[in-house]
Structure formats: C-alpha cells, structure tokens
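First to last, the protein sequences are chains E and L.
The letter at position 330 of the first sequence is residue 330 when you use our numbering, and the numbering goes up by one with no holes.
The letter at position 69 of the second sequence is residue 69 when you use our numbering, and the numbering goes up by one with no holes.
Source of the hints: derived by calculation from the structure; they are not laboratory data.
Just so you know, even glycine gets a beta-carbon here, dropped at the ideal spot from N, CA and C.
The hints are all genuine.
Under the rule of at most 25 Å between Cα atoms (straight-line distance), these lysine-lysine pairs were calculated in the DSS-like manner:
(1) L:Lys50 / E:Lys188
(2) E:Lys288 / E:Lys147
(3) E:Lys430 / E:Lys420
(4) L:Lys91 / E:Lys255
(5) E:Lys43 / E:Lys420
(6) E:Lys140 / E:Lys188
(7) E:Lys440 / E:Lys110
(8) E:Lys255 / L:Lys51
(9) E:Lys288 / E:Lys366
(10) L:Lys129 / E:Lys255
(11) E:Lys366 / E:Lys346
(12) L:Lys51 / E:Lys136
(13) E:Lys136 / L:Lys50
(14) E:Lys213 / E:Lys231
(15) E:Lys231 / E:Lys434
(16) E:Lys188 / L:Lys51
(17) E:Lys430 / E:Lys440
(18) L:Lys91 / L:Lys133
(19) L:Lys91 / E:Lys259
(20) E:Lys188 / L:Lys84
(21) E:Lys110 / E:Lys478
Listed next, the stretches of chain E that the computed footprint assigns to chain L, with coverage defined by at least 3 CB atoms under 8 Å from CB atoms of chain L:
(22) 72–84
(23) 134–142
(24) 269–276
Some but not every residue of chain L turned toward chain E, in silico, with C-beta under 10 Å:
(25) Asn9
(26) Tyr73
(27) Lys75
(28) Ser77
(29) His111
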Amino acid sequence: METSMKVNKISDCLWEIPKTEKEGMLVPARIYANDTLFESMDKGVFEQITNVACLPGIQKYALCMPDGHWGYGFPIGGVAAFDTKDGIISPGGIGFDINCGMRLITTNLKAEEVKPRIRELINELFRAVPAGVGAKGTLKASVTQLKGIMERGVDWCIENGYGWPQDREKIEECGHIPGADPSKVSEKAISRGANQLGTLGSGNHYLEVQMVKIDNIFDEKTAGIFGISEKNQIVIMVHCGSRGFGHQVATDYLKVFDKAMKKYGMTVKDRELACAPFKSSEGSDYYKAMLCAANSAFANRQIITHRIRESFSKVFNTSAENLGIEIVYDVAHNIAKVEKYKIDGKEKEVLVHRKGSTRCFGPGRKELPEIYRSVGQPVIVGGSMQTGSYLLAGTEKAMQETFGSTMHGAGRTMSRHAAKKRVRGDQLLKTMAKDGIHVKTASMSGLAEEAGIAYKNISEVVETMDGLGITKKVVKLKPIGNIKG
Amino acid sequence: MEEYFFLDNIATADVAIESRGDTLEELFSASATATFEVMADTREIQLEIKKVLHLENSEIDGLLFDWLAEIIYLKDSECMLFGKYVINVTKNRNYQLDAEIFGEEINQTRHDLRCDVKAITFHLFEVYKKNGKWISRFILDL
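Given these sequences and hints, build the entire structure.
Structure, rendered in structure tokens:
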C-alpha cells in the first residue's frame, strides 16, 4: 500500500477513504481487501478510485474489488453507479475491451478420459479457435450480418447455426442487450472487427480445459444446479471480449468525449476519465455503440463455444449433445448497464459501470435463468493460468452493498515487463507441463507475461468476498490444458 | 536520433513508453516502432507493402494520438505489421502529417508475435520539447 491518504478500516476486508480526503469527492471510496491484499494494492488504485468518487451523479460509494489494480481512468476492479437522470457515462469506466468476459461450459467427460488425449484436444482447439496477434476467424460476416450481430448478439448466432436454443438463457442478458444502434458505430470499427469473429485475442485471454476435484466442491447443492456434480468432471472456461471492434468503438468515443467535456464545461481529475452526461447526445450515442460491442462480444464467445463443441465432438468422435457440452453461464467484465437499486430507501435507476468486475445478482432476481433463481447468479472468476479458477454464486448482500458486483479475476500485481524479466516462456511451458497443465500458445513472451507470479493469490481474492458474504464459493477448478493468445 | 524506452512500474497490466526524436518526424517514427515492438520483433518485418496516410490535428499531442490510433487500426483492419515510416509533419493552421508506412501481412508461423495492442490511451499522455529533443510518454492498452 503506497498512499498518504487517510484510509479507515470499516471491518475485516473493507476499507474506506472518506470524502473529505480529496477535493471534489462526492461520495466515499471503498476498497474490499483482506490485510495482505490491501498492503499489496498499488498507489494507482487509491488515486483512481478517489477520482471516480468525484464524477457527477455517483451514488453511495466508488468501489474497488479485491483484485483491483491500476487501470486507466477507473482502476481495474472498479465499480460505480451513476444516476441515469443527472449522472455521467465514462468510456474509462468500461474499458477498451468492451464486454471482455468469462464463459464456463460443462461436459460429461471425466479427467481420466480427457487427460490421455489432452495434447490432441488442445491442438484441435488451437486450430479451431484462432488466437494471438493477427488471428483471423473462419466466419466471414458481411456488413449486414455484422449489424445483425451488433443488434442481436447471441440470438443471431443461434439462428445462424452457431448455438443451441437453450444457450440463450444461460448468458448474462441472454447474450443480447436491447438498445444497440449500429448507426452509432464507425466504419473503422466495423472493418477492424470484421475478420475477428470467433477469435480469442491475446494478453490475459485464454481458453482453458479444467477439472473438478471433488474436494474442491464447497457447495454441493448449488454446484449441482450449475451442472457440476461429478468427481473429475471436465469443464471449459473462455476469457475474451469484443476484439478490435470494441477497441475501436472505445478509441472513437474517447475522442468524442474529450471534446464533449469542453462542451458541457465538465472537468475531471484525469483526462482518461473523460465523460459526458448519460442523457446527452454524446453519452447516448456512446451507450448505443457500446451495446453494439457488448452484443458482439457475447456473439464472439458464442462462436467460440460452437468451435469448442465441434472440436470435442471431433476428438471424442461423438456429438456435442452426447458430451453434454452446455453453458453454465457467461458474464461481462467491462460494461455499463442500466439497473435499479434501493438507494436511501427509494428505488432508483442507475448506470452501473463495471470495469474488470462481475455482476453477481443474488437469488430471486428476474434477470437470472429460472433454474438459477433459487441460488443466485453463477459468477465465473478466472485465476492465473497456473493457479486455477472459481465458480461462485451471487448473494442478496451484494445487491445491498456493491450494486450486485464482485471481483473478476486474480488481478495483476506485477507489470508484464517485470514478469518477463522473472520468467521465460519456454521454461514456464515445461513447469506447467510438470504440473499437469498442457499449454499451447501463440506467443512465448505473452505466456511469460501471464505467469502465476504476476498475479494476486486468487484464493485470497475469492475468500475476501466469500467472507463478507458478497459472493459464495461453489467450486474451485483446476486447469489441465490451456490455449493462450 | 530516434529512441524509445519501456517504462516499468507505471502501468501494471498495460505498457508505458517514452519515445524521443530530434525532430517531430523522428518522434512519430520512434513511437510507432515502440508500439509495434510490443506486438512483434520489428527487425524481422519485411517492408513489402506501402500505405499512405494523411492526418490533421490542431494540437501536436492530438496528432501523435491520431497517428498511433491509426496504425493500431490498420494492424487489425489490414492484418499488418509495420516496420518503417517515412513521415513529414508540417504546421499551417493545423498540424499535418503525411506518411508512407511500410510493412507486411501478419504471418503467425513466421513472426515472433507478442502481446496485441488494443489502443492508445490518454492516461499520462504528453508530448513536449526539452533540450532540443521532442519527447512523448504514452500508455498502450494491452
């Protein structure tokens, strides 16, 4: 922890920076972290989350999740809700990779069936799901088709043979957020993303084959409802986003917002927090364009799911239906959404920005598929490639405290450059093989940047929110194979 | 002389770069080379294809931002890596950039590819002149 700011410990794992600490703060800033995670938080988190607390229309608190680290504008792990009437929308509070997110998929295969064929399976997946810089997807969509994808997301995929009808309900917002308007998206964004549908990307994006160890099931009943009930069951996790399409939407609108700030006479603590009133023409246009990218990201993960089904079917010589390849859930990480919460005793409509954080709605919410409504939303939290991941469930407490939000992953503690100084990609590949994780990567240096040492301890991050009752642990998952972009 | 440095401990998940040049042209070229060095070994890029660009901006920092945004866009839309930049920056009412940029199509089996660059960001973004040198600091979102 490197800050001269006054930070009060509210309770175990919850810290608060009072609104008197920085001129212009409208609400306090709150950071969720145990003592160890708090001590390792970088200075940028404290600066950035207090800057967020100064943005017009912010409600209750500017929040930072336990995986928080320096982002641009907002910290990654940042959550903030703004009044839809007099609040703002900020591209910096969403991120360049709009609707970067995580999808978890079950199979009825067992580790003993998959491990002997993991090399063949990973090679097949690596062929079917292009990864890394310059990867082109095999689906060539016309501009008309791309507009359909922007407007209708996963619905378009299912209607065009890239999914099963039951996939729809097990995706946040059913894989299609209404209100997307392709006329608000530049031709540049369309041409940048046209050949990237069904591709993984690079950085921390991956496709991972994982196994369920029976002693890692913390809540048997909820795990069963989520489709995980077998010892050594194999599941698949996908982490990726809207690719170049979403990146260009963000780049385009950052310039629009830079000008809009002057037009509306708004000032922010950091140029990267450029924003506009949500109801302004600039804010409204960006929201509609952002939804195009969000729907495209849902579609991207859906097309990847289709390729996963084809790959498993080919390797195991039976249909994907026979292999039980069903979606558990799909969550967005980088997004802003209109939601309603009780604030100061009154129900209020707000625009919740989640930047590197996950929605975690509690039981009973109508937005959840009926089969999950009794236990809360599945929350998929990716760890580093070496350390495993978690499946959690959302809670009512999250609805009251964090605008139904929780962490999204382990969170980096080490820069990419520093990680590469400590680890060589080829050596990491061998180390992971010894640990029973077969990796195929598009980039050895990219692999080194994603080494486990560069990340916080995922279990500590998850325990922080479990201890506070924001999300409940359901299953921990162990990687056995990984495709890294 | 063109040069660039990767700045550690500024951006945890992204990459911070300081680029320098004796002229604006050298500064722009160094910044572009640094951007592509994040994604590939730029010494290995063949200069087979030429693209011609014209950009205008009222501010010099805005022009550098536009320049980097444009070559990142071309990387995805044309699926290309670039390795050489012949640049001319002039100032009339606005700053104007005319450039010929040279590179080749990305070949995953031949290039030593690294981490993809999503975007140039405004965070800590600056362009200034000091002791006769043009200097820029910028952060790329990875």
